[in-house]
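Chains as they are written, first to last, in our numbering: chain A, 1 to 146; chain B, 147 to 291.
Treat the hints with caution; some may be incorrect.
Stated by the list, open to error - Just some of the chain B residues that point at chain A, by a computed CB distance under 7 Å:
| no. | residue |
| --- | --- |
| 1 | I179 |
| 2 | F180 |
| 3 | L182 |
| 4 | V186 |
| 5 | L198 |
| 6 | S213 |
| 7 | L217 |
| 8 | L219 |
| 9 | L220 |
To be verified - Simulated restraints on C-beta separations:
| no. | chain 1 | residue 1 | chain 2 | residue 2 | range |
| --- | --- | --- | --- | --- | --- |
| 10 | A | D15 | B | T243 | 33 to 43 Å |
| 11 | B | G177 | A | G85 | 29 to 39 Å |
| 12 | A | S19 | B | E193 | 21 to 31 Å |
Derived from the structure by calculation, the hints contain no laboratory data.
Virtual Cβ for every residue (Gly too), placed ideally from N, Cα, C.
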Amino acid sequence: MGNREILDKLLKPKDLSNSSNVEKWKEFLNAVDENISLYPSAFEDFRDIIRLNNSNLIKDEPSVYIHTDNILARLIDERQINEEGYKVEVREIIELDFKVDFQESFDEHFKHDDYEKRISLAKNPKVELKRIKENFLRDNPDAEDL
Amino acid sequence: MAIKHLTGRSNKEIWQYISKLKPVKHKDYYGKIFLLNVDVTLDGVTEKRNVLYFCIDNIWFLKYVVSAFNLELLYITLVHHDMVEIAKFMTCLTTCTNIKYIISDDANILKNGILSLQHKAKIDWRGRGDVCLYQIIRGQHRITV
Numbered sequence: 001m002g003n004r005e006i007l008d009k010l011l012k013p014k015d016l017s018n019s020s021n022v023e024k025w026k027e028f029l030n031a032v033d034e035n036i037s038l039y040p041s042a043f044e045d046f047r048d049i050i051r052l053n054n055s056n057l058i059k060d061e062p063s064v065y066i067h068t069d070n071i072l073a074r075l076i077d078e079r080q081i082n083e084e085g086y087k088v089e090v091r092e093i094i095e096l097d098f099k100v101d102f103q104e105s106f107d108e109h110f111k112h113d114d115y116e117k118r119i120s121l122a123k124n125p126k127v128e129l130k131r132i133k134e135n136f137l138r139d140n141p142d143a144e145d146l
Numbered sequence: 147m148a149i150k151h152l153t154g155r156s157n158k159e160i161w162q163y164i165s166k167l168k169p170v171k172h173k174d175y176y177g178k179i180f181l182l183n184v185d186v187t188l189d190g191v192t193e194k195r196n197v198l199y200f201c202i203d204n205i206w207f208l209k210y211v212v213s214a215f216n217l218e219l220l221y222i223t224l225v226h227h228d229m230v231e232i233a234k235f236m237t238c239l240t241t242c243t244n245i246k247y248i249i250s251d252d253a254n255i256l257k258n259g260i261l262s263l264q265h266k267a268k269i270d271w272r273g274r275g276d277v278c279l280y281q282i283i284r285g286q287h288r289i290t291v
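All chains should be built: construct the whole structure from the sequences, respecting the hints.
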C-alpha cells in the first residue's frame, strides 16, 4: 500500500461540508508520493525543510513533511514564524481527523491487555528505551549491543 | 477503515494510548491533526511545502500510526540527548523499516550509540555544515553517507 492510499484511508478533512477543504485534501493526496519525511518532536521548528531546501543532501524534495509534537499553538494562532535566517508562513490550514470510529465502547479484550503496564513504561523513558533495545536485540541477534 | 489493518493494533487501543498520555497543557490543540500549506522563505527564496502536523507526540503514536507509512526519510535532532527523544528515535528505526535516510544535526549520538544497535559496522559520516546525512543499508550491517 502506498503512502497516498494509507493517508486516504487514515485521514479525512474534519469538516466534510467544506467542499474547498475536501478539494484541497484531494489535491494534496494526488501530490503525495513515496518520498515523505518524518520529524518527531518537531515543536514549531522547520529545520527539516530548511536543511533539505535546495540542498544536495537527497535527490528529491519530500512530497510531505510529517511533524509530530505536543504543541502547535504559535503556528496555528499567528500563522507565521520568523527565525534567524528563515521565515515560515502558513497559507492554508485544513484540520483533519482520523477516518476511524473511536466512539466504540471499551471492550473486554482491551481491559485485559497490559495497557497499564505499557503506559507506565511510556512514562519512564529509561525503562522504555531498555525495553525497545531488548526487543530489537531479540529480533536482531546479530546486532551489537550498545 | 481501521488503523488496525495498517498497524496491527485496534482503533481503541491506539486512541487510548494517545488520549491517556496527553499532557494537561496545550490541550486546545493536543490530538488535532492539521494539513498546513506553508511558504518557506530562505535566503530570499520562497517555496511552498506541505506539512502534515500531528499534535500528538509519544512513542506509541509513532509506533502504531506513523509506522504505517512507507517512510524513507527521518529528520531527527537529538542535541539534548534526551532519553525520551532517543526512545522515539529508536522506535522510528525499529518500526519504520523503510527508512533509508536519516538527517541529523547531532552526529555523535547517532555515530557512537543508537545506530550501532541497528548495524554492526562502523558508521562513516560527513557533515555538511552542521548537518549529517546517513544512508542506511539494511541487512548488510553497513551505513554509508
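Hint by hint, here is what the structure shows:
At its closest, the beta carbon of I179 of chain B sits 4 Å from a beta carbon of chain A; the interface hint therefore holds under the 7 Å criterion. Taking 7 Å as the C-beta cut-off, the interface hint given for F180 of chain B holds, the closest approach to chain A being about 6 Å. For the restraint placing L182 of chain B at the interface with chain A, the shortest Cβ-Cβ distance is roughly 5 Å, inside the 7 Å limit, so the hint holds. Taken as an interface hint, V186 of chain B checks out: its beta carbon lies about 5 Å from the nearest beta carbon of chain A, inside 7 Å.
A cut of 7 Å between beta carbons decides the hint on L198 of chain B: the least distance to chain A is about 5 Å, and the hint holds. About 10 Å separates the beta-carbon of S213 of chain B from the nearest beta-carbon of chain A, more than 7 Å, and the hint is not met. At about 5 Å, the closest approach between the beta carbon of L217 of chain B and any beta carbon in chain A falls short of 7 Å, and the interface hint on this residue holds. The interface hint given for L219 of chain B holds, since its Cβ lies 4 Å from the closest Cβ of chain A, which is under the 7 Å cut-off.
With 7 Å as the threshold, the beta carbon of L220 of chain B comes within range of chain A, its nearest partner Cβ sitting at about 5 Å, so the hint holds. Between D15 of chain A and T243 of chain B the Cβ separation comes to about 35 Å, which falls inside the hinted range of 33 to 43 Å. Checking the proposed 29 to 39 Å range against G177 of chain B and G85 of chain A shows it holds: the Cβ atoms sit about 32 Å from each other. Between S19 of chain A and E193 of chain B the Cβ separation comes to about 28 Å, which falls inside the hinted range of 21 to 31 Å.
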